[in-house]
Amino acid sequence: METPQGLNALLHNGRRPGIVDALAGVVDQTVADQSGLTGMALRSAVAGVKKVDARILHKGINTVLPQLLEQLNPRWEDYKNSDHAAFGEYLAQHEDDVVAELVSLGDNLRDSMPAGVQKIYATFRSKAAKIVGPALPRIGEVVEKQMEG
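Going by the numbering used here, the first residue of the sequence shown is number 955, and it counts up by one from there.
None of these hints come from the bench; they were simulated from the model.
Here the structure is a predicted model, which is why all the values come from computation and not from measurement.
All C-beta atoms, glycine included, are put in the ideal place defined by N, C-alpha and C.
Be aware that a few hints might be false.
[Stated by the list, open to error] Distance condition first, Cα-Cα at most 35 Å in a straight line; then the derived DSBU-like pairs of lysine-lysine:
1) Lys1073 x Lys1005
2) Lys1081 x Lys1034
3) Lys1084 x Lys1013
4) Lys1005 x Lys1084
5) Lys1073 x Lys1099
6) Lys1099 x Lys1013
7) Lys1084 x Lys1073
8) Lys1099 x Lys1004
9) Lys1081 x Lys1005
10) Lys1013 x Lys1034
11) Lys1099 x Lys1034
12) Lys1034 x Lys1084
13) Lys1013 x Lys1081
14) Lys1099 x Lys1081
15) Lys1004 x Lys1081
16) Lys1073 x Lys1013
17) Lys1004 x Lys1084
18) Lys1099 x Lys1084
19) Lys1004 x Lys1073
20) Lys1099 x Lys1005
[Stated by the list, open to error] Pair by pair, the computed Cβ-Cβ distance ranges are:
21) Gln959 x Asn1062: 20 to 30 Å
22) Ala1039 x Val1006: 20 to 30 Å
23) Asp1065 x Ala1040: 28 to 38 Å
Could you build the full structure based on these sequences and the hints that come with them?
Have a look at this one:
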């Protein structure tokens, strides 16, 4: 069997549950960090879907993980060949492009998401840069830690 390349290694050899759990933690922290009306609405929406299914974030992340890692893989390879000290730092430095790529991925995957997640995505899509951008260092930290583990 061929060895998985780049970030795809996180999909194999029992590593997938770890990255799913870690990214679900990033989502929870990102939601908790939101302030104002957007924060209240987002926390309420996420709490509502979690009442229906406590593992909905895990399920959604697990569903889109292959495409997410494929999307991030060129960034990972570029980071590995750069002078950046951490992947999160690299992602933050390229925030505008990375957020645009992740939002595009979300748009493409929307129909495969659980219904509750689709509704939240549709409601907050226009605020994606404000929500996702500040989370990029955490996302990068999680990915790098999982790749090292």
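Hint-by-hint comparison with the structure:
1. Distance check on the hinted pair: Lys1073 and Lys1005 sit about 15 Å apart at the alpha-carbon level, within 35 Å; holds.
2. For the hint linking Lys1081 to Lys1034, the alpha-carbon distance of about 30 Å falls within 35 Å, and the restraint holds.
3. Under the criterion of a C-alpha separation no larger than 35 Å, the hint pairing Lys1084 with Lys1013 is consistent with the structure, at around 24 Å.
4. Restraint check for Lys1005 and Lys1084: satisfied, since their Cα atoms lie roughly 26 Å apart, inside the 35 Å limit.
5. For the proposed pair Lys1073 and Lys1099, the alpha carbon gap of about 31 Å is at most 35 Å, so the pair holds.
6. Straight-line distance between C-alpha atoms of Lys1099 and Lys1013 comes to about 21 Å, which keeps the hinted pair within the 35 Å bound.
7. Our distance criterion of 35 Å between C-alpha atoms is met by Lys1084 and Lys1073, whose separation comes to about 18 Å.
8. Restraint check: the Cα-Cα separation between Lys1099 and Lys1004 comes to about 27 Å, which is no more than 35 Å; the hinted pair holds.
9. Distance restraint check for Lys1081 and Lys1005: the Cα-Cα separation of roughly 24 Å lies within the 35 Å cut-off, and the hinted pair is therefore satisfied.
10. This hinted pair checks out: Lys1013 and Lys1034 have alpha carbons roughly 29 Å apart, not beyond 35 Å.
11. Note on Lys1099 and Lys1034: the hinted pairing holds, with a Cα-Cα distance of about 14 Å set against a maximum of 35 Å.
12. Between Lys1034 and Lys1084, the direct Cα distance comes to roughly 27 Å. Compliance with the 35 Å bound is thereby established for this hinted pair.
13. With a CA separation close to 23 Å, the supplied pair Lys1013 and Lys1081 stays within the 35 Å bound.
14. The suggested pairing of Lys1099 with Lys1081 holds, with an alpha-carbon distance near 28 Å, which does not exceed 35 Å.
15. Straight-line distance between C-alpha atoms of Lys1004 and Lys1081 comes to about 21 Å, which keeps the hinted pair within the 35 Å bound.
16. For a cut-off of 35 Å, the pair hint linking Lys1073 to Lys1013 stands: about 15 Å separates their Cα positions.
17. A hinted pair counts as satisfied when its Cα atoms are at most 35 Å apart, and Lys1004 with Lys1084 qualifies at roughly 23 Å.
18. Restraint check for Lys1099 and Lys1084: satisfied, since their Cα atoms lie roughly 25 Å apart, inside the 35 Å limit.
19. At roughly 13 Å between alpha-carbon atoms, Lys1004 and Lys1073 fall within 35 Å of each other, so this suggested pair holds.
20. For the given pair, Lys1099 sits about 30 Å from Lys1005 by alpha-carbon distance, which is consistent with the 35 Å threshold.
21. The hint said 20 to 30 Å for the Cβ distance between Gln959 and Asn1062, and at roughly 22 Å that hint holds.
22. Distance hint check: the CB atoms of Ala1039 and Val1006 are about 41 Å apart, inconsistent with the given range 20 to 30 Å.
23. At about 34 Å, the CB distance of Asp1065 to Ala1040 agrees with the hint of 28 to 38 Å.
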